[in-house]
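Asker: Chain residues, written in single-letter form:
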Amino acid sequence: MSKPILATTSLAGCFGCHMSILDIDERILELIELVEFNKSPIDDIKKFTKKCDIGLIEGGCCNSENVHVLKDFRENCKILVSLGECAIMGGLPAMRNGIPIKECLEEAYLNGPTVVGNTTGIIPNDPELPMLLDKVYPCHEVVKIDYHLPGCPPRADLIWEALVALVTGDEMKMPYEVIKFD
Amino acid sequence: MGQKITIEPVTRVEGHGKVTIHLDNEGNIAQTRLHIVEFRGFERFVQGRPYWEAPVLVQRLCGICPVSHHLAAAKALDVIVGAGTGDGLTPTGEKMRRLMHYGQFFQSHTLHFFHLAAPDLLFGIDGDPLKRNIIGIALENKELAVQGVMMRKYGQEVIRATAGKKIHGTGAIPGGINKHLSEEDKEYLLNGDDPINIAKMIDWSQAALEFFHDYHKKNKDIIDEFIDFPSSYLSLVRKDGALDIYHGVLRAVDPEGKKILHDVDYQEYYKYIDEEVRSWSYMKFPYLKEIGTKTGWYSVGPLARLNTADFIDTPLAQKEFEKFKAYNNGKPSNKPMHYHWARLIEILHAAEKMKELLNDPDLLEGELVIKGNKSYEGVGLLEAPRGTLFHHYKINDNDQIEMANLIVSTTNNNQPMNEAVNQVATKMMTGKQKITEGMMNAVEVAIRAYDPCLSCATHALGQMPLEITLLDQNNKVIDNKTSV
Ligand code: SF4
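Order-wise, the sequence lines are chains W and F.
Using my numbering, the letters of the first sequence correspond one by one to residues 1 to 182.
Using my numbering, the letters of the second sequence correspond one by one to residues 183 to 666.
Incorrect hints may have been included.
What the hints assert, rightly or not - Heads up, simulated BS3-like pairs for lysine-lysine below, C-alpha to C-alpha not over 27 Å straight-line:
| hint | chain 1 | residue 1 | chain 2 | residue 2 |
| --- | --- | --- | --- | --- |
| 1 | F | K609 | F | K476 |
| 2 | F | K347 | F | K537 |
| 3 | F | K505 | F | K537 |
| 4 | F | K517 | F | K576 |
| 5 | W | K78 | W | K144 |
| 6 | F | K658 | W | K47 |
| 7 | F | K517 | F | K507 |
| 8 | F | K441 | F | K501 |
| 9 | F | K537 | F | K400 |
| 10 | F | K347 | W | K173 |
| 11 | W | K135 | W | K173 |
| 12 | F | K614 | W | K47 |
| 13 | W | K3 | F | K324 |
| 14 | F | K576 | W | K102 |
| 15 | W | K50 | W | K3 |
As the list claims (entries may be wrong) - Just some of the chain W residues that point at chain F, by a computed CB distance under 7 Å:
| hint | residue |
| --- | --- |
| 16 | I24 |
| 17 | L31 |
| 18 | L34 |
| 19 | N118 |
| 20 | T119 |
| 21 | I122 |
| 22 | L129 |
| 23 | E171 |
Please keep in mind that the hints were generated in silico from the structure rather than gathered at the bench.
C-beta atoms are modelled at their ideal positions from N, C-alpha and C, and glycine is treated no differently.
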């Protein structure tokens, strides 16, 4: 039987959730035996080369590109998992949601103490840059998400248990201590 | 779907980092750009939050080196709560933070070397991209993969023991630290079962350097000749000129080693540094004010630190530092691939420092926190694994943050990375109408030397999805390629 195929991505996240995947430590060598990796920053495959069984999503959507990537994941993965607080509810980046994006840009590029030289008032706007969304959106508001793994980041043990359960079809152990956000 | 999202249709592939190359009439390179395409707005949305939240909030900009943000914010808040500017803490407070920071260096640098750089070295710059990764290493050379995984684990365990949690911990608080090191963790980290003990970590750090020296001897074309351009270098150094990643003064040297920023107090960093905004990238371009935007840019990170520091205060790393200096005739190395070399020397230094600290009784007992007279503004600065990190906060009478300014390490390397891309592209693509896989990899290898943690300014684990577009003089796309 061929191995289940795993893909991962980081949208508007901090990469901490991916670091938590690596925190399964020596089990990463077991994981390599258990699943085949496809598109993922961990392995450097940057485009889907085949349909996948499991997709892990870190981060919510803060720009048009995030949305594009998330939809691409939905299309290519049978099961999608929101990994961590940012994917589940926007997380820290969603703190900008109550504030007009214009104010955020002005603070960063016009008002700070080290943009004194920006006398012509440049704010990045090149066509090469993706569109910022009005808000940061949790993944399940953009596509259907099958499972949520809480935590910021979710603990390595929780990620490991969940992957093993998804791969083997066995019921997942969920002791009280692992079901918390931080 | 509950809410309406207004989105432009996106046809281009995922790309946090993107390179564009413009050609002139003769087919020569007219311009190259490394675009950074993410924006967060942190400076604005943190306003109004209570100041003591900063160390736990800001670290969520970057899960690869959260400790650096955690500590830089805490150092800025030390100033605000009147606990001095970096050297006013209790011995326990300062040493616990230092141990956390060396643990962070150790894990972040090993992550970069084994997971990101080693694959290029083992499989070659134009090796099979499907193999050029840690999984490829695990299948090819299991021992090396195990070393990489376990060294990173050790660093993460040090962070857990000092910050309470491997990622996004809570150890540092304004004016100090919230706990002691436990006897149990001390014993575990010093003398744990093989390989989790400090002796093994020092051994393996030396072995990694040996691996590099051996590779260097056989591949001078890649390490010495592949990229080479003059740059200035900036970093923190201890007052006596020693390498110090936690506290000190700001120094910058020019490509020849002449000091251009003379060991200044970083509380006034904004007098010396400004950032240029360019329309085509969300990442700003810092420069030394006195010199100006054109040539005032500088590099930061492992290579910059070894280029600015006078010596290293641990014996094994100092020996390696001397070799490094001798190889470069006592001058700064202007070869970005030497970043890898410098990074490995710092891994060894961090291991030696952790050993010193783990044996220090101050970690087990003593006052944790110190407080003095409140002030309304503070700057926290330290050397993150990828380079100098600036945090600057102002608060109001209600203890709310009123202003936040951050210059993250990778932002400091913005211009140097653009220079490196330009050099490699010019060398490999002049007169060519087609992008080859080898060229793509070469551009990536050049960027990767800087270990760009785009997670701070954006995200993506060094291995960024890269899209290269080749345009002719009329901005018509001639070729477009995305790395696999
Ligand atoms: S959930 Fe936490 S660790 Fe994960 S991406 Fe968001 S901030 Fe980072």
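Asker: Next, verify each hint and record whether it holds.
Answerer: Taking the hints in turn, this is what the structure says about them:
1. K609(F) - K476(F): Roughly 22 Å between the alpha carbons, so the hint for K609(F) and K476(F) holds.
2. K347(F) - K537(F): holds, 21 Å
3. K505(F) - K537(F): The given pair, whose Cα atoms are some 23 Å apart, holds under the 27 Å limit.
4. K517(F) - K576(F): Not satisfied, since the Cα-Cα distance of roughly 39 Å exceeds 27 Å.
5. K78(W) - K144(W): Roughly 11 Å separates the two Cα atoms, so the pair holds.
6. K658(F) - K47(W): holds, 25 Å
7. K517(F) - K507(F): Holds - the C-alpha atoms of K507(F) and K517(F) are around 13 Å apart, at most 27 Å.
8. K441(F) - K501(F): holds, 24 Å
9. K537(F) - K400(F): Violated, at about 33 Å.
10. K347(F) - K173(W): Cα-Cα ~22 Å, so holds.
11. K135(W) - K173(W): violated, 35 Å
12. K614(F) - K47(W): holds, 26 Å
13. K3(W) - K324(F): Between K3(W) and K324(F) the Cα gap is close to 20 Å, so the pair holds against 27 Å.
14. K576(F) - K102(W): Judged against 27 Å, a Cα distance of about 22 Å means the pair holds.
15. K50(W) - K3(W): Within the cut-off at roughly 13 Å; holds.
16. I24: violated, 10 Å
17. L31: violated, 9 Å
18. L34: violated, 12 Å
19. N118: holds, 5 Å
20. T119: Hint on T119(W): violated, closest Cβ of chain F at ~10 Å, above 7 Å.
21. I122: At about 4 Å, which falls below the 7 Å cut-off, the nearest Cβ of chain F leaves the hint on I122(W) intact, so it holds.
22. L129: holds, 5 Å
23. E171: This hint is violated: E171(W) lies away from chain F, its Cβ roughly 27 Å from the closest one there, beyond 7 Å.
Violation of the numbered hints given earlier is confined to hints 4, 9, 11, 16, 17, 18, 20, 23; the remaining hints are satisfied by the structure.
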